[in-house]
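Residue strings, one per chain:
Number of protein chains: 2
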Amino acid sequence: MTVLALHAVRRVAIIGCGLIGGSFALAIRKARPEITVTAYGRSQTTLQEALRMGAITDVSSSLPDAVRDADVVLISVPVGATHETLSSMRAHLKPTALVMDAGSTKADMVATAQTVLGENMASGASPEATSHFPLSHFVPAHPIAGKEKAGIAHAEGDLYANRLVILTPSSATAAPAISLATALWEAVGARVIQMDADTHDHVFGAVSHLPHLLAFAYMNGVDPSTIAMGGTGFQDFTRIAGSDPVVWRDILSTNRTEILAQVQGFEQALAQLKSALTEGDTVQLQTLITQASAQRKAWRVPAPLSDSNAIDD
Amino acid sequence: MTVLALHAVRRVAIIGCGLIGGSFALAIRKARPEITVTAYGRSQTTLQEALRMGAITDVSSSLPDAVRDADVVLISVPVGATHETLSSMRAHLKPTALVMDAGSTKADMVATAQTVLGENMASGASPEATSHFPLSHFVPAHPIAGKEKAGIAHAEGDLYANRLVILTPSSATAAPAISLATALWEAVGARVIQMDADTHDHVFGAVSHLPHLLAFAYMNGVDPSTIAMGGTGFQDFTRIAGSDPVVWRDILSTNRTEILAQVQGFEQALAQLKSALTEGDTVQLQTLITQASAQRKAWRVPAPLSDSNAIDD
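As you go down the protein sequences, you meet chains A and B in turn.
Residue numbering for the first sequence follows my numbering, starting at 1 and increasing by one per position.
Residue numbering for the second sequence follows my numbering, starting at 1 and increasing by one per position.
For the record, the hints were derived by calculation from the structure and aren't laboratory data.
Incorrect hints may appear among the rest.
Any copy will do: because identical chains look the same in the list, a pair fits if it lies in one copy or spans two.
Capping the alpha-carbon separation at 30 Å, the derived lysine-lysine pairs in DSSO-like fashion look like this [to be verified]:
1. K30 x K149
2. K149 x K274
3. K297 x K149
4. K297 x K30
Using the sequences and the accompanying hints, generate a full structural model.
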């Protein structure tokens, strides 16, 4: 038994219908109107809003109901809630379903999937006690699209247009599952690439998680009486500090080993700058700033990311 | 002898015709076409470009030539070159001239003006040895407008439209000089406010200089192999790291006491976040992120700064 091809998909379930899940729902409804989209989440207000917006075609009153007939399930809850969500749904999934998450950290997700679904692969597992949903049908995904504003109210059908989606399949992942995941994200306009989960967490620890940590620290440390005078330098530097606390609590916690290692590189670079300042060594100070400025100027907005939509993490 | 009123100003000299000086020249030429604008700077290419753009009406071949007949002199060189520039021009200034700088740090500028011009006030000064240009005609100014791109090529006639300009007069500054400085910046579209130089340096140390220092440190510390995957979170957080090295060497050096004190507040806030991460204290982590996020969300773009032009420092 394998997953369906995209053209055969009839029903998608969105678990957690916020910015990420709601935008996926809006986009897949637009691209494939023949697909019904249901959603389940803790907030009835959110689900009703998603229905009103036309993002979903019906609301499920329980997690089992949501996934039971779904050909595709997208888990778009805060990273810290993924384990419990996956555990709760596994016995109710169709064996042919594709399940994806949309979290910003991936090594933990590979491990979670192994823990929750892997036992189905063990020869000793009792068929009665476990679902037949196979680990090979789980594809970890990370859409590099978002905003600092969370929630269904900010969902947009073109959130993923020209955005990057990273898939981090493991050796256990089946090729048809990767193909369907790729086709789905491409159907909503994204460009899909694959990398292993550890590489993903190193890269996004560096370009996303660490900047968030530093922006949070800056906002907490700055004299509040001064910020009314902030210009666009301040505005841009601190924009990501306004991100959702629960989402970022989970991302930073989940990728903490990587982040704590990388913050040391930052601290060493800061120490060099402070030392040059303290010693009045303007030659060294200029050298360090020139290095930073050249590195930044050499950076180019990735082509599919260069339009006006905001992209975070 | 006092400075002129704006309607009587016939000649303005721009010393250092980059983004800041060139934009002022373009704007004043547009607002007051009867005023001739000359410029002096180290780069003939820059001066010829300013002439070609219509920012200035003529090029001066020396600093004395530039300031000799000027009713208003704007010094727009990197902060570290201001002392020498002011020293070199003082003997050649008209006693009725207004002189302004446009630097991003101000306590040092008040001290520099006192050092270079203050001796004219001392009873023992020899009239032959010194110019008669009085300290009271020097007005330190900081236009809160700029971009991360420096140079005359990026100058715009509306760079100061609806921007804030901070004047930091000292007790030695004459009221008519403050009035003319205010009228000039208002003529190019800016909104002018006054604060004392130490307050200025504290405020802009917090909302501008410290973010630049942190962005430089981040760019120097980050694994270069990862940044190709940066999205708009990365893009916005690091934009100011691309700023001009000489300009920022001087700003950070000049305001280093304030900046080194403020970086401690950042480091304490970062240590709290790291501690919560290390200990796996997700409650404390969420509390700290919530505090940062709330502080950022409560911030509002200052009304005159809310249009689309980029504003730095």
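Results of checking the hints against the structure:
Taking the shortest Cα distances, K30 and K149 sit within 30 Å of each other inside one copy (23 Å), while across copies they are farther apart (41 Å). Taking the shortest Cα distances, K149 and K274 sit within 30 Å of each other only across copies (25 Å), while inside one copy they are farther apart (34 Å). Taking CA atoms no more than 30 Å apart as the test, K297 paired with K149 passes in both settings, with 28 Å inside one copy and 10 Å between copies. Neither within a single protomer nor between protomers do K297 and K30 lie at most 30 Å apart by alpha-carbon distance, with minima of 38 Å and 32 Å respectively.
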